[in-house]
Amino acid sequence: IARDTHGDLLLIQGKPIEALKEYRHVQELDPNHFQIEEKIKRAETVRQELENLLKDRAKKKDKAPQKRMSFEDEIKKALAFEKEGRKQEAEDIYRDILKKDSGHVEASTLLARIAMDYQHYKDAEVFLKNALKKAPDYSRAWSDLVRAQQEQDKHNEATESAEQLVIINPDFPESHMIYAGAVGAAGNHHGAIKAYQKAIELDANKPGAYSSMAHHLKTIGQTEEAIKAYRQSIKIKPDHTEAYWSLANLKTFQFEDREINTMKRLLKDNNLSDEARVHLNNALGFEYESQENFKKAFAHFHECNLLRRKSESYDPVETVNQHEKIISTFNENIFNKSRATKSDVTPIFIVGLPRSGSTLIEQILSSHSQIEGTYELNDLPKTINSIRRKHASEKRNFPEGVKDFTTEQWQAIGNEYLESTKQYRTEKPFFIDKTPNNFIFVGALKLAIPNAKIINARRHPLDSCLGSYKQLFASGQPFTYDLFELGEYYLEYQKLMDFWHKTLPDFVLDVRYEDVVQNLEQEILRILEFCELPFEEDCVYFYKTKRAVKTASSEQVRQPIYSSSVDLWQKYEDHLEDLIETLRDLLLELPISQQPKGISKN
147 IARDTHGDLL
157 LIQGKPIEAL
167 KEYRHVQELD
177 PNHFQIEEKI
187 KRAETVRQEL
197 ENLLKDRAKK
207 KDKAPQKRMS
217 FEDEIKKALA
227 FEKEGRKQEA
237 EDIYRDILKK
247 DSGHVEASTL
257 LARIAMDYQH
267 YKDAEVFLKN
277 ALKKAPDYSR
287 AWSDLVRAQQ
297 EQDKHNEATE
307 SAEQLVIINP
317 DFPESHMIYA
327 GAVGAAGNHH
337 GAIKAYQKAI
347 ELDANKPGAY
357 SSMAHHLKTI
367 GQTEEAIKAY
377 RQSIKIKPDH
387 TEAYWSLANL
397 KTFQFEDREI
407 NTMKRLLKDN
417 NLSDEARVHL
427 NNALGFEYES
437 QENFKKAFAH
447 FHECNLLRRK
457 SESYDPVETV
467 NQHEKIISTF
477 NENIFNKSRA
487 TKSDVTPIFI
497 VGLPRSGSTL
507 IEQILSSHSQ
517 IEGTYELNDL
527 PKTINSIRRK
537 HASEKRNFPE
547 GVKDFTTEQW
557 QAIGNEYLES
567 TKQYRTEKPF
577 FIDKTPNNFI
587 FVGALKLAIP
597 NAKIINARRH
607 PLDSCLGSYK
617 QLFASGQPFT
627 YDLFELGEYY
637 LEYQKLMDFW
647 HKTLPDFVLD
657 VRYEDVVQNL
667 EQEILRILEF
677 CELPFEEDCV
687 YFYKTKRAVK
697 TASSEQVRQP
707 IYSSSVDLWQ
717 KYEDHLEDLI
727 ETLRDLLLEL
737 PISQQPKGIS
747 KN
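Just so you know, we're using my numbering here: the sequence shown kicks off at 147 and counts up by one.
No wet-lab data here; the hints were simulated from the structure.
Remember, predicted model here, so these are calculated numbers, not experimental data.
Cβ coordinates follow ideal geometry from the N, Cα and C atoms, glycine included.
Accuracy of the hints is not assured; some may be wrong.
[To be verified] Pair ranges (Cβ atoms, derived):
id, residue 1, residue 2, range
1, Lys167, Glu478, 55 to 63 angstroms
2, Lys483, Glu164, 52 to 60 angstroms
3, Pro462, Glu230, 30 to 38 angstroms
4, Glu230, Gln194, 26 to 34 angstroms
5, Glu297, Ser419, 20 to 28 angstroms
6, Glu370, Arg658, 30 to 38 angstroms
7, Arg404, Pro596, 56 to 64 angstroms
8, Ala350, Asp176, 54 to 62 angstroms
9, Gly744, Asn543, 39 to 47 angstroms
10, Pro596, Glu164, 50 to 58 angstroms
11, Glu478, Lys246, 55 to 63 angstroms
[As the list claims (entries may be wrong)] Mimicking PhoX-like on lysine-lysine, the simulated pairs with C-alpha atoms at most 20 angstroms apart in a straight line are:
id, residue 1, residue 2
12, Lys275, Lys161
13, Lys471, Lys568
14, Lys568, Lys488
15, Lys483, Lys528
Take the sequences, apply the hints, and build the full model.
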């Protein structure tokens with residue numbers, strides 16, 4: 147996150163002193179930074195208002211001056227500990243204060259922030275609600291509560307909390323931006339757009355509001371309006387590099403010459419952050435690909451990924467170990483001894499690797515009258531871990547932590563998952579969870595939701611890996627930024643899917659992207675038969691279905707079927723040596739026409 151943006155967030159959270167530090171750091175590096183003087187003035191004003199508020203509060207506490215002074219001294223001491231990284235000592239102080247005064251606002255709020263640092267969002271929510279009982283107008287606590295609830299996927303509650311923030315600070319654009327983020331996460335994209343428009347009405351010079359609004363416009367298919375909003379954010383702040391990346395990520399967009407020249411000029415700036423370089427290199431990669439200059443395109447994708455890989459924490463050995471443990475845990479014995487009952491609603495899980503055609507399959511199925519399309523949900527791993535923590539005799543991770551689960555515990559996973567996903571769906575009898583990485587949970591799904599349908603989206607290995615390599619993911623998928631690691635991950639994915647097919651025959655349907663492109667109606671019939679659903683013609687005209695699509699393929703699935711992405715790897719073949727060598731044995735199993743030139747069995 148950019149330091150000026152971090153300052154904006156700190157300010158809305160009621161931390162003007164910390165915000166000032168961020169703003170002044172930016173000013174030192176770039177005295178002419180856009181709006182930095184105005185931001186410093188605003189933070190100074192908020193700081194003064196906060197000081198006055200604290201003075202007034204202190205006067206009202208004259209009846210117990212020693213107790214209040216003691217708490218203030220302890221708070222200062224705890225904050226000093228936090229600054230030094232001594233969080234446990236700070237936490238101990240806050241908890242000690244709460245023992246003496248269970249409703250202490252500052253202690254509750256600060257303890258909540260430590261809880262969130264450790265990703266204990268449920269605890270943080272409890273502390274923040276405790277603070278808000280005593281200080282219902284405390285905007286910092288409300289904004290923190292929104293985050294704590296969002297991290298738990300409590301999107302309806304987060305929306306209600308964000309509404310309170312708007313009521314308290316209706317003239318503060320950041321309040322409306324936080325509200326927009328909350329309603330957008332809940333799937334209300336139109337509501338998010340309106341909230342961003344209100345923020346812009348209050349402050350028309352917020353590039354982040356324009357680009358965030360553009361994301362939602364893109365999601366609901368208003369592409370032209372999204373492009374205008376992205377470009378407006380660049381007009382306000384020419385180095386707002388996220389907007390360039392977002393435009394390129396539309397996959398159907400071509401930059402004007404002036405925009406290309408601006409991106410090239412920005413890349414020559416030695417002070418440009420790595421994150422900005424990642425955005426610009428990815429954007430230029432797609433631009434040169436659209437011009438069929440594949441050599442330049444790959445050079446930019448490669449530079450983008452070199453920088454991004456540095457910031458990602460990924461250990462290929464951990465992936466290998468996890469998959470081996472999954473294969474060891476989910477043997478035939480576990481499926482013979484315990485299994486939950488069928489559920490009333492049937493989830494359809496589309497799994498596989500990113501950029502392998504899963505969004506196309508989702509769009510086709512979502513066009514069926516009995517199927518609800520949702521998003522890439524993270525409810526399944528969260529639910530499995532939640533039940534595992536409650537019942538595992540030892541603190542063991544997945545899969546070891548579920549090895550000895552009873553039928554009742556698998557049933558609990560299924561029930562909790564279906565309950566948590568209600569907020570994303572209507573009353574249709576089928577719904578889609580399109581999270582590619584769920585392929586590691588196929589065995590768990592057989593035990594927890596035995597009537598679930600699993601579709602494995604597949605594609606030519608080189609096209610699948612190249613698509614992932616070119617894609618800059620907002621988060622996750624850390625294995626995609628190095629061709630060798632990407633190839634190794636593909637082999638691990640293939641090994642695990644082969645295991646599921648052998649252990650659970652007919653539970654998973656493989657669907658190849660190339661087959662869908664070449665024989666659309668035939669593949670639709672095959673998929674619907676697997677899902678035990680009748681054929682509907684709307685599935686053939688999937689591109690006419692109006693629904694929100696969040697993934698990078700959102701614009702592509704709103705077009706009739708096309709084949710330009712098939713065998714795209716051949717355009718980049720000279721640059722894929724590491725990937726081809728890693729996948730060599732797998733590629734040799736393909737028909738000769740689908741093999742790279744020059745590959746041999748020697």
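The hints, checked one at a time:
1. At about 60 angstroms, the CB distance of Lys167 to Glu478 agrees with the hint of 55 to 63 angstroms.
2. A hinted range of 52 to 60 angstroms holds for the C-beta pair Lys483 and Glu164, which are about 55 angstroms apart.
3. Between Pro462 and Glu230 the C-beta distance comes to about 35 angstroms, which sits within the given range of 30 to 38 angstroms.
4. Taking 26 to 34 angstroms as the suggested C-beta distance range, the pair Glu230 and Gln194 conforms, at roughly 28 angstroms.
5. The hinted window of 20 to 28 angstroms between Glu297 and Ser419 holds, with their beta carbons roughly 26 angstroms apart.
6. As the Cβ distance of Glu370 to Arg658 is approximately 33 angstroms, the hint placing it in 30 to 38 angstroms holds.
7. A beta carbon spacing of about 58 angstroms between Arg404 and Pro596 agrees with the range 56 to 64 angstroms that was offered as a hint.
8. Range check, Ala350 to Asp176: Cβ separation about 22 angstroms, and the 54 to 62 angstroms hint is violated.
9. For Gly744 and Asn543, the hinted distance range of 39 to 47 angstroms is satisfied, since their beta carbons lie about 43 angstroms from each other.
10. A beta carbon spacing of about 51 angstroms between Pro596 and Glu164 agrees with the range 50 to 58 angstroms that was offered as a hint.
11. Hint check: Glu478 to Lys246, Cβ distance near 58 angstroms, so the stated range 55 to 63 angstroms holds.
12. For the proposed pair Lys275 and Lys161, the alpha carbon gap of about 19 angstroms is at most 20 angstroms, so the pair holds.
13. For the hint pairing Lys471 with Lys568, the CA-to-CA distance comes to about 31 angstroms; that exceeds 20 angstroms, so the pair is violated.
14. Between Lys568 and Lys488 the CA atoms are separated by roughly 17 angstroms; this keeps the pair inside 20 angstroms, and the hint holds.
15. At roughly 24 angstroms between alpha-carbon atoms, Lys483 and Lys528 are farther apart than 20 angstroms, so this suggested pair is violated.
In summary, the numbered hints that this structure violates are 8, 13, 15.
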